[in-house]
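> Chains as they are written, first to last, in the numbering used here: chain A, 1 to 221; chain B, 1 to 243; chain C, 1 to 220.
Fair warning: there could be bad hints in the mix.
Going by beta-carbon spacing under 10 Å, a handful of chain C positions derived as facing chain A [claimed, not checked]:
hint, residue
1, V5
2, E63
3, R66
4, L71
5, T163
6, L217
I should point out that these hints are in silico values taken from the structure, not numbers from a laboratory. Just so you know, these numbers come straight off a predicted model, no measurement behind them. Just so it is clear, CB atoms sit at the ideal spot from N, CA and C, and this is done for glycine as well.
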Amino acid sequence: MALFDLLPPLVGGLVVTVSVAVPAAAIGVLLAFAAGLARATSSLMLRSLVRGYVAVFRGTSALVQLFWVYFALPLVGVELDAMTAAITVLALNTGAYGAEVVRGAVEAVPRTQGEAARALGFSPRLTLWRIVLPQALPATLPPLGNLLIELLKNTALVSLVTLSDLTFQARVLRDDTLRTGEIFSLVLVMYFAIALCITAGVRVLERRLAAARGSHGRAGF
Amino acid sequence: MPDRELLIRMRGVVKRFGDHTVLDQLDLDVPANEKLALIGPSGSGKSTILRVLMTLEAIDAGIVEIQGERDLAKVRSHVGMVFQQFNLFPHMTVLRNVTEAPIHVLKEDAAQARARAMDLLRMVGLEDRAEARPAQLSGGQQQRVAIARALAMRPRIMLFDEVTSALDPELVGEVLGVMRRLASEGNMTMLIVTHQMDFAREIADRIVFLHEGRILEHGPPSRILDAPEHERTRRFVKALRDR
Amino acid sequence: MDEPVFDWSYTWEIAPRLLDGLVVTVQATVLATVIATLLGLVLAIGRRSRQRIVAWFVAVVVEFIRSTPLLVQLYFLFFVLPSVGVVLSPLQTGAIGLGVHYAAYMSEVYRAGIESVPRQQWEGAVALGFSRRRTWLSIVLPQAIPPVIPALGNYVVALFKETPLLSAITVVELMQVAQIEGSRSFRYLEAFTLVGVMFLALSTISAAGVRILELRLARS
Chain A
1 MALFDLLPPL VGGLVVTVSV AVPAAAIGVL LAFAAGLARA TSSLMLRSLV RGYVAVFRGT
61 SALVQLFWVY FALPLVGVEL DAMTAAITVL ALNTGAYGAE VVRGAVEAVP RTQGEAARAL
121 GFSPRLTLWR IVLPQALPAT LPPLGNLLIE LLKNTALVSL VTLSDLTFQA RVLRDDTLRT
181 GEIFSLVLVM YFAIALCITA GVRVLERRLA AARGSHGRAG F
Chain B
1 MPDRELLIRM RGVVKRFGDH TVLDQLDLDV PANEKLALIG PSGSGKSTIL RVLMTLEAID
61 AGIVEIQGER DLAKVRSHVG MVFQQFNLFP HMTVLRNVTE APIHVLKEDA AQARARAMDL
121 LRMVGLEDRA EARPAQLSGG QQQRVAIARA LAMRPRIMLF DEVTSALDPE LVGEVLGVMR
181 RLASEGNMTM LIVTHQMDFA REIADRIVFL HEGRILEHGP PSRILDAPEH ERTRRFVKAL
241 RDR
Chain C
1 MDEPVFDWSY TWEIAPRLLD GLVVTVQATV LATVIATLLG LVLAIGRRSR QRIVAWFVAV
61 VVEFIRSTPL LVQLYFLFFV LPSVGVVLSP LQTGAIGLGV HYAAYMSEVY RAGIESVPRQ
121 QWEGAVALGF SRRRTWLSIV LPQAIPPVIP ALGNYVVALF KETPLLSAIT VVELMQVAQI
181 EGSRSFRYLE AFTLVGVMFL ALSTISAAGV RILELRLARS
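Chain A with its partners taken away, still in its complex shape (with noise of 0.2 Å):
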């Protein structure tokens, strides 16, 4: 097999896919419960700061925003490396996404729990970590799942702004070497693998999960 030879250089880019996407997920996945929850506040001038936010990053693609803040925003005197920049915007648009899949999830835990508490002398915080989140995340997990391989795919955007990841490892492989077949051909499985991984750790936390809470606790929805 000749594809051995073309290894090392992807795995060099892979890494640095990596290195984008586990900080960008994880921030994302906290900006997504920090954002979907202030949603469900009192607070007029945090919900409509949050529904901005999201109306923003989902109005338009990760490609626009990432261009935005790498050229367009050292124009107004921020200026961000790639890496930064890359983490920045990925972070931000799995955020938005992941914003509208918590509110969902919360608002979909019955009124009556937050009066029971409520009647438990149970403050609106004590509540919310207590007795709404937990019975709100089961229901986060799979559609996060497929938001972090919707970002997995969006990290090879980060080609395009200099950064040396899988896919501009690709590429450079293709110009020097022009077996262009192959080359795509093992980038593309490399990527599904990465994302068969992520839906196979989603399905592993679930599992847990349910098994935290018995295995007839999920009957009690």
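Starting from the known structure of chain A, arrange chains B and C on it as the hints suggest.
For chains B and C alone, coordinates are given in the frame of chain A:
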């Protein structure tokens, strides 16, 4: 009225939902330790009274005091409530449903809270289901857990909002049994919204008949149920009895 | 004199050229939408094939397309197609890549629609002696497709938003024009902001349109 501490005082209370007036200039006094049954047709405002006392609804006009305090949030820990639909926390075991508030709201010692929760579960006859999930219990069992959960906060006042309405007929008795025992212990003020007239007669010191957001009449069970003054009360009681 | 941070006169100067780019963007969107809606339906029907191997293969292909970056798929088509003798314009190549990518998403939408058609409808068709083809065309699809049109519409909006990726394979659409203008004047702010605003406005409007369609369908 005997010379007892006035625990709940409501004066001119108005509550509207949109253009529908649910409580219409309502006055109600409840002395300490009274067992009060609230009856009346649906929409007469009986559940709303409980929800106002529990701070689940804000009033549009009037005064509500509990232990002389108008900021009900301050005295909320003295009030416990049991709901028609149980509203247990589905993601927690029965035991944790009961210990959660004492530990995190009252900041009780966890071991102590668990011991007390087990006592309460024993009282409602469910100590052997402590590690079960709410979804594994029957409706009657869930409701008994809900009562234990409310009692764990050591309330002075317990509000029961149609607690047997969602239960299959054969499960009603076990819940009423727990309430009966609670009433017999004496030092608990109970407000009970119910359609079970026999139970109201047996347990209540006083029955309040509500109609369109006002108290039409009130008095000892024998008078309200057997010799009501108002035609509406008579018809309501008769309809429930004939059902 | 100090240059303003955001130069409006320059913005007006490049606006007509950006609109030319927008025309290409719209062309790509339309072409890709046609491919996605048709191929998506074919894939959805393929997943219902009685041949297990066909159904399985289609499922894997759909999953593969959905889980890998559109950019790499575009490179693949852009570089590999010519090497096997298929010579297409960048716009055609881009529209095919975009169309195939979203066909995978749309096939899942169609699938949900098809699965919501009650089994009895199939059985009824069998009882009437309909052929499988006839059953699909006159019984299943007419019931399966209308309810999922809004969901398909949402993917058309998503597809439109992703057209800037075609700039990576030299299609001179909106984003590419903005890049060209930006590199010519070193003023990226105006061009990219304008592109962002155009996409935001158009996608917000079309998303609202889909929402209206959804409400109408829900009412009827």
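> Would you check whether C:V5 satisfies its interface hint, that is, whether its CB is within less than 10 Å of any CB in chain A?
6 Å, holds
> Less than 10 Å between beta-carbons is the criterion; does C:E63 satisfy it with respect to chain A?
8 Å, holds
> Let's test the interface hint: is any C-beta of chain A closer than 10 Å to that of C:R66?
8 Å, holds
> Please verify that hint: C:L71, Cβ, nearest Cβ of chain A, below 10 Å or not.
4 Å, holds
> Can you verify the interface hint for C:L217: is its Cβ closer than 10 Å to any Cβ in chain A?
Constraint on C:L217 not satisfied, violated at 21 Å.
> With a cut-off of 10 Å, does the beta carbon of C:T163 approach a beta carbon of chain A closely enough for the hint to hold?
8 Å, holds
Of the numbered hints given earlier, the model fails hint 6 alone.
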